[in-house]
Amino acid sequence: MKRFVTIACGLCLVGAAAFRPAIALSLQTPGRAPQKVTLGGVIHPDSDDTLAFTPDGSTVFFDRSHGKHKTIMVTHKRDGRWAKPRSAGFSGTWYDQDPALSPDGSCIVFSSDRPVAAGGKPLVRTVAGKTYHGANLWKVAREGSGWGRPVWLGGVVNATPFLVSPSIAADGTLYFIRHGDDGAMHIYRSRLAGGKYLPPARVMIGDPAVSTHDPAIAPDGSFIVFGYGKTTAGLWRLSIAFHEGDRWSEPVDLGDAVNGIGPWGSHVMPDGHTLTFTGDSGVYRLSLQPWLQNHPEARQASASR
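For the working numbering, add 345 to where a residue sits in the sequence shown, where the first one is 1.
In case anyone wonders, no lab produced these hints; they're calculated from the structure. There's no promise every hint is true.
Stated by the list, open to error - So the derived label-pair ranges between C-beta atoms look like this:
#1 Arg547 <-> Pro460: 40 to 46 Å
#2 Arg377 <-> Gly499: 37 to 43 Å
#3 Lys466 <-> Thr619: 36 to 42 Å
#4 Pro544 <-> Ser632: 35 to 41 Å
#5 Asp526 <-> Ser490: 31 to 37 Å
#6 Gln634 <-> Pro460: 41 to 47 Å
#7 Asp391 <-> Gly464: 34 to 40 Å
#8 Glu589 <-> Arg547: 29 to 35 Å
Stated by the list, open to error - DSSO-like cross-link-like pairs, simulated, lysine-lysine; straight-line CA separation at most 30 Å:
#9 Lys466 <-> Lys381
#10 Lys381 <-> Lys429
#11 Lys429 <-> Lys413
#12 Lys475 <-> Lys429
#13 Lys422 <-> Lys541
Even glycine gets a Cβ: it sits at the ideal position worked out from N, Cα and C.
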């Protein structure tokens, strides 16, 4: 499934420098090829994307497209089989997408065009005189066996009308993408301190003139998988970078076996070393062990989960 709404026109404002091919290391895939994920046939390749698993692996939240609308769906594994998906209790009315679960399963952050104030109008954005769905980040907390009401993350985080692709580290740091000062899409992060999110800061990885997309942060923050750059094929290259001291390493390309299928919407699974992502013809999973094995801190963190 191709990502239309999230990136359509979201990249229209990107400067020429951001359209250069991404320069990343290791263009050969060192490990196995990605495998299709269908959850026993309940995931549809033409409508479903962006899978997010609960820590015990028994529940999955994901996007489902209905024409020009998107809803966050949920399915549960019971007696070894995945149940028929239904809309999540907090989704269905507005254009909701990109569910991201915290590593401890206590909350979900997602992107939505829902009104900030009750009775208001859906959020929109204008690009080159045309109006599109807007997107702000919302959070819903786990309450017993269910979920609470979505809460807008506020104007400090939602400083622009288009924020998507959230990912949450174990310390509460929130990663997402939005337009930067150069007009290109870039990864930003907002740290959680005293129960409040701090002003977002751009995450500097690789060439600062190249756009970055769809972060999937490791629970301990030791590595990040993301889309890097803009290529002649029309999309970025999925890459991995490692946290080294106070900076990120140069991006390492995940290879043609991954990037040949138009990957986007990545999540690190609860085991800490498996990636799920959406491609042109469905959802896939990929072991990151071949890349982690050369980075002791990341390998140890994933092994402890």
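Check your understanding: Which earlier hints turn out false for this structure, listed by number in ascending order?
Key -> 1, 5, 8, 9, 12 and 13
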